[in-house]
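Participant: Given the coordinates of chain A, work out where chains B and C should sit on it, guided by the hints.
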Amino acid sequence: MEQQYPVLIVIIPMFTAMVLTLAGWFKPAVCQPLAVVGLLGSFLSAVATLLQIGAGEVISYRLGGWEPPFGIEYRVDSLNALVLVMVSLVALLVAIFARKPVEKELGNKISNFYTLFVLLVTGLLGMTITGDAFNLYVLLEIAALTSYALLAMGRGRAYMATFNYVILGTIGACFYLLGVGLLLIKTGSLNMADIGTILPKLVGSETVLVAFGFLMVGVWIKMALFPFHGWLPNAYTYAPTATSCLVAPLMTKVSVYIMLRIMFTVYSADWIFNVIQWKPVVMVLAVVAILMGSFFALAQRDIKRMLTYLIVAEIGYMVGGAWTGTAAGLTGTIYHIMADGLMTVCLFMVIGSVVYRKGKAHFESFKDAFQSMPWTMGALIIGGLSMIGVPPTCGFFSKWYLISGAYQSSDYAFIVALLISSLVNAILFIRIVETAFFSATPSEIPDPHAHHEVDYADSPVSMLIPMWVSALALIAMGLYTGEIVTRWILPILPGGLI
Amino acid sequence: MSQSIVSFTPLAIVLTSALAVIPISLSGRNPNLRELWTFLAGFLKLMLLFSLLEPVTKGIAVQFELWKVLPGVSLHFSVDAFGLLFAFVACSLWIPTSLYVIGYMRGLKEHAQTRFFACFALALSATAGVAFAGNLLTLYVFYEILSLSTFPLVAHHQDGEARTGGRKYLTYLLATSIGLVLPAMIITYQMTGTLEFSSMGIYGDTVKPGTLLVLLLLFLYGFAKSGLMPLHSWLPGAMVAPTPVSALLHAVAVVKVGVFCNLRVITGIFGIEILSKTYLDTVICVIAGVTVIVSSLIALSQDNLKRRLAFSTVGQLSYIILGAGLAQSYAVKGAMLHISMHAFGKITLFMCAGAIFVASGKKYISQMVGLGHKMPFTFGAFLIGSLSVIGLPPAGGFISKWLLLKGTIAAEHWPMMVVLLGSSLLNAAYFFPIVYQAFFGKGILPENENVKEAPLACTLPLCLTAVISIVLFVYPEPFLTLATLAVGE
Amino acid sequence: MEWLQINYNYLLVIVLLMIGLWAMIGKNNLVKKCIGMCIFQNAIIMFFISMGVKAGSTIPILNYTKIDGVKTYLTEASMYANPLTQILMLTAIVVGVATLGMALTLVQKIYSEYGTCEEDEILEKLN
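Chains as they are written, first to last, in numbering that gives the first Met the number 0: chain A, 0 to 497; chain B, 0 to 488; chain C, 0 to 126.
Here chain A stands alone, though its shape is the one from the complex (with noise of 0.2 Å):
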């Protein structure tokens, strides 16, 4: 049993989404438990997996018994077995919470909606596990696809803005494609780790470059790195409650890990700071995501809008601490990609609450928000704590390592941009609690002392749990940030880094 969890991560959503059409038939009600039970079996077989891994191993599992580099190998280590445990437990807290804004939101689809739900988890989970680069391509477009369903879900704009997510989208899953083909030219192989010890033979080679040139255009097109963000915050924007909640922390976040992979694992860290010269173009994309990101995000009169704005900057974070080079900046990424996909799953959680009771997110709906809605705010408040880096939450301790690895790399550029962006959370947080601290806009003052009720309305229980558990994990992360990094982090870092 126990060589067996690697297999069960992908295993147990894939036949639940199956399970889910059938069961839609019949008994629409049932989706919802069934997803989370499949998707508990799942989160429970990533704890498990995660578990095994002693320090700096890889556990090799091959699908169908055939030997790699010729089959489909799942091959796991530290780094997308933590991947895998954040995947899977976002996905685990947004199922739970997507049962009231789906019944309100989308009433007659709720079966399709399960089953996209857990098939878009299936197919990330597959990216984040496999060690095939072709296998990594259909997961991809598996996971591409569910999420171009689950975002036109919203109707009205969300039509078109998933439209432009389809046409970019199919470009970046393309493009890496392109790049696969080219590797499968020189080097005759689909496994990555098997790629990486042909690829240091054929150092001078162009057609590596070019391939190299294609997958990181690909991977960006898909994490929405400046300038290649264009579709993210319409089509996330648009999007229904529960889908948003899922979709904007995991999407681009496994699209971050497998840049690191390809980075790491496929070519190496040597080849890509020593033989090519594309950090300091690379470090001004993610300079520039960050700080646009920021202004943009303060330009937002909508919070959901703004939220994925943020999510732009965030990404800019994780590319620029891979890029420097360092092995203090790549454990800031690795360990941002948890902290920020907790994060954003917390932030679009109490967002979704917002909507759920108020019908809009715009800066009028958080008014008198701290009498009606306490409990949301208080989880709005721990998550955007992190956001701005406040410890002890874990968004202190991936900005501490990525100004560390900056430091160390002299990009001060990007210590700057960090700090900029911090800010201007910092900013944007205290508007949103503002409005909800104050219950009347500057215009229109009351009596200061007089006693301004508000009915208690908050979220339904079953959308502040996961909210919360999301806040407490935020904080709990932060707490174990040193057991994180030495156990997990520090032994899967690759060789030739500062």
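None of these hints come from the bench; they were simulated from the model.
Misleading hints may appear alongside valid ones.
Stated by the list, open to error - List of simulated lysine to any residue pairs, SDA-like, C-alpha gap at most 20 Å:
| hint | chain 1 | residue 1 | chain 2 | residue 2 |
| --- | --- | --- | --- | --- |
| 1 | A | K366 | A | D301 |
| 2 | A | K185 | C | N126 |
| 3 | C | K124 | A | W230 |
| 4 | A | K359 | C | N126 |
| 5 | A | K108 | C | K108 |
| 6 | B | K67 | A | Y479 |
| 7 | B | K405 | B | G487 |
| 8 | A | K185 | C | S49 |
| 9 | C | K108 | A | N111 |
| 10 | C | K31 | A | W230 |
| 11 | C | K26 | A | W230 |
| 12 | B | K362 | B | R105 |
| 13 | A | K366 | B | H156 |
| 14 | A | K108 | A | P27 |
| 15 | A | K185 | C | M45 |
| 16 | B | K167 | A | D301 |
| 17 | A | K185 | C | T71 |
| 18 | C | K124 | A | K185 |
| 19 | B | K67 | A | G481 |
| 20 | B | K276 | B | G203 |
| 21 | A | K200 | A | G212 |
| 22 | C | K108 | A | R156 |
| 23 | C | K53 | A | I184 |
| 24 | A | K108 | C | S49 |
Facilitator: Here is chains B and C on its own, set in the frame of chain A:
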């Protein structure tokens, strides 16, 4: 300090007020019970502090490791004489202030009193955490908690003015701590591999003076709670808070945390010796000296009593930083002592301002003419508080200023001596007219004819702190001993 | 010139890719964008297939006769075309069809919502 013992007490002190938040919030419907919790926690905290007195005076550091967050960096408490001194000041003032809060809040029938008391208790915990912090990261964590927990207090009135003040308050404090302290801290860690405080400084001889200057400026301005100009303007802005908040937080806890952090960084991270070797002490002196003079001049022109007190605070805080910047043991001792002396003096003044407001509804100095006869206790206490802040006998402020002056003489820093003396004159110039007008001024406002003393719960605490100010002149030993120990003589 | 004779397939693929990309990004009509997407994906499929091609090769199926009870292989491994790329592309074709279906569904929805498939007209209606 070579010896150290591990003890749970520092954590217990920090937790007493943090845990008090729970019963306080739960007993919101029964105000008397709620206030009882506050007092219980206050006295418990004070008792626990006394139990630390014995080991610390023997030169033993009390350690407690809270949590290992990063490899090589942990959150831990380490109580030394300076930290204990500061904790004593903050905690002993919590009790009279709580009494005062009750009188003030109930007198004005304020809303959301439960939230107020809960945040108040939390802020005290954060202050104790800062006082006991054993390294820079711990200091930073509690510093941030303090900023956040005091925001609801500053913005308590929830009206337009409170919104502006609160926004300014939080923006200044968060922006500086994230934008300046955080990078400075990370760079320090990258350069030295440690964040522990050490009296020799942690940079060693290898760091270039230019880098040190940048780091020093980042730290000095980063802890913006200390109100160094030009990052002081949140302090007058935060005066929109109810007066007890201004009293405890903006004369004692928050601003003192700022200077405490600055002193810790100057003495524990840079080290006095390195500073004087690289002439960075002069930089500190100049920044602080300019703040002292300019803020005193601004204070002269303020008619709103609380704003005048706020600018006076800005100036007095810089005295403390100035003392550290003189890099001379008398001056550092004076600076540490000034934290406590100024705290007792200034809290008296703020409580007087609040009592005047409760009794007469007056905020402006020009409206207080002749009020001295109506409220003799309040204005008497105000006089004593002023004496202490100006630095005249028979009030405690005299001793700390005396030590600071002695420090300038010993360090032969004549310009700074002029600054200190000149600023004392200015202090006198902005305080004495208030008292003089109140007692001897002609032309009392007609609506002030029937004013009586504020309720007992308001008047009693301010008389108490005024008396303590005088007692500290006669008997400054408790704080003096701790300060002497902290300087290491 | 010689390079072209050997590698003309890549040239063709590049031309197709550019046509597809141009249609996806530059065209105003959403259906044309879908057509561009289709061309783009098929170009990649041709790229993969052509990389596995070998002149005079045959399908990779074991083919032998028994002569006097001894197995004699009629084709050798070196005569097979690379089957891997073809198998990969089978999957890619499925993916491509699914994506195209998704995109066309969306276009239909957009048409019923806005009554047009021209992007600029839709954007006008959105604002």
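Participant: Each hint needs a verdict: does it hold in this structure or not?
Facilitator: Tested hints:
1. K366/A x D301/A: holds, 14 Å
2. K185/A x N126/C: It is violated: about 49 Å lies between the C-alpha atoms, which goes past 20 Å.
3. K124/C x W230/A: Given that 20 Å is the threshold and the Cα spacing comes to 19 Å, the pair holds.
4. K359/A x N126/C: It holds: about 19 Å lies between the C-alpha atoms, which stays within 20 Å.
5. K108/A x K108/C: holds, 16 Å
6. K67/B x Y479/A: holds, 8 Å
7. K405/B x G487/B: holds, 17 Å
8. K185/A x S49/C: This hinted pair holds, its Cα atoms lying about 14 Å apart.
9. K108/C x N111/A: Judged against 20 Å, a Cα distance of about 17 Å means the pair holds.
10. K31/C x W230/A: Holds, because 19 Å separates the two Cα atoms, which is no more than 20 Å.
11. K26/C x W230/A: holds, 17 Å
12. K362/B x R105/B: holds, 19 Å
13. K366/A x H156/B: At roughly 16 Å apart (the allowed maximum being 20 Å), H156/B and K366/A satisfy the hint.
14. K108/A x P27/A: holds, 9 Å
15. K185/A x M45/C: holds, 17 Å
16. K167/B x D301/A: violated, 23 Å
17. K185/A x T71/C: Distance ~33 Å between K185/A and T71/C Cα, so the pair is violated.
18. K124/C x K185/A: violated, 49 Å
19. K67/B x G481/A: At roughly 7 Å apart (the allowed maximum being 20 Å), G481/A and K67/B satisfy the hint.
20. K276/B x G203/B: The given pair, whose Cα atoms are some 12 Å apart, holds under the 20 Å limit.
21. K200/A x G212/A: holds, 19 Å
22. K108/C x R156/A: holds, 11 Å
23. K53/C x I184/A: Between K53/C and I184/A the Cα gap is close to 13 Å, so the pair holds against 20 Å.
24. K108/A x S49/C: This hinted pair is violated, its Cα atoms lying about 43 Å apart.
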